[in-house]
Amino acid sequence: MADTSEASMAAARAYIQMIVDGSEAIRVLAAVLLFFVITSVAVRFYVRIKMLGQFDPSDWSMLVAFMFSASQCCIAIAVVTFGIRAAYGDMRANQINDKLSRYSTGIFALALVTLKISLGFFFLKIFSHKRYQRWTIFALCILSTITGIAYFAFASFTCTVLKQAPGTELECPIQPVSNGVFYAFSVVSIASDYIFTIMAIYALWQAKLPITTKLPACILLVMGTVGGIASTIRFSLLVKPVTPETYLTQLFDVGKWTIVEHSIGVIAANLAMTRPLLHAWLVRVKDLSTFGTGALSTKQPTTGSRNNGSRLTHSKLSGSRLQGSSYRAHTETDHTAGESTGEAYLLHDIKREVTVVIDEEKAGAGSGFGGTYPHAVYHSHVRPRGI
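As numbered in this note's numbering, residues 823 to 1209 make up the sequence shown, in order.
Read the hints as simulated data drawn from the structure, not as lab findings.
Source: prediction; values computed, not measured.
Where is the CB? At the ideal position from N, CA and C, for every residue including glycine.
Among the hints, a few may not be true.
As the list claims (entries may be wrong) - Taking CB as the label site, the calculated pair distances span:
hint: 1; residue 1: Gln1028; residue 2: Thr1071; range: 44 to 50 Å
hint: 2; residue 1: Ala1013; residue 2: Ala864; range: 17 to 23 Å
hint: 3; residue 1: Leu1037; residue 2: Asp912; range: 53 to 59 Å
hint: 4; residue 1: Lys1062; residue 2: Ala864; range: 23 to 29 Å
hint: 5; residue 1: Pro1032; residue 2: Lys985; range: 47 to 53 Å
Assemble the whole structure, with the sequences as input and the hints as a guide.
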């Protein structure tokens, strides 16, 4: 009897320790991702407001997505904190943990919905001239909104749970319905992430742009698939069968990937909008290297005679080098100013190139585009303000 009691106590301590370890891991993960979410949003708004002086619907919806995402991270930290106290027998903490867990799961859905809406506004700017792409974007955003609101309602205000413990199937009669809603929302989220990314990469690669422009933009776009990968992993955990031995582990895994899914999505979407800042840094580095090369050339001793004429000649040559360097820096500065006057969209180069192609298509297709369109004249040295 004593051996059985000791074994039971050891098992209980091991179970509590597993809860504590899993909760601590989630708390650290949520805190780290919260920091990067705040940082990425701050950088995005710096680029949009300070550098470009613009703030459109994609930014407003991203601001809402940021508030939901940050709130979910904070609530997740509170959930695991109360969960640890509940594991040690605090019943009040257990009640708070249960209520906060529901709101945390519901706010997760709202964060993803507003994120998809922000991405939808962004891609509508790029594909404003493409009918099928626009309808695809509208459909994905509408489906995401409908399933996301249903997800929020079921998760926050009903008896349903994300992962049902074995033996509790009869405790919530509407659990099968909620499972269908949870799965549908996950599928729509996964599909929208990959479809948006594929559409953008295809449009970028089809554009007549230098490879040096395409490659960095593609790298930023591929980052958008990270959210889709996180959604896929989380969905696989949701549909994975549960046993009494694996229930707790799977529950914590779902919690981790829930935080990762919306946080990584927000971070990736914000980093994709920082291309103007990256461009400005590259120009600054190039200017510094050019200036260093010019300064070094003025210190090199001249060969040949040391008379005043040779020194004067060397001085003129050095001056010409510095003038050339100054000219190049001035040219880059003008280019950067022109860059800053355009829209802060990652694919503004695509839109610029496509605008020319579309003018030709409209001229050939006539009313196939839905009416008469004015023909814009494109000049390589001018960046249209509205792109």
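Verification of the hints:
Taken as a hint, the range 44 to 50 Å holds for the pair Gln1028 and Thr1071, whose Cβ atoms sit roughly 45 Å apart. Between Ala1013 and Ala864 the C-beta distance comes to about 30 Å, which lies outside the given range of 17 to 23 Å. As the Cβ distance of Leu1037 to Asp912 is approximately 54 Å, the hint placing it in 53 to 59 Å holds. For Lys1062 paired with Ala864, a C-beta distance near 37 Å fails the hint of 23 to 29 Å.
In this structure, Pro1032 and Lys985 meet the distance hint of 47 to 53 Å, their C-beta atoms being roughly 49 Å apart.
Checked against the numbered hints above, the structure violates hints 2, 4; every other hint is satisfied.
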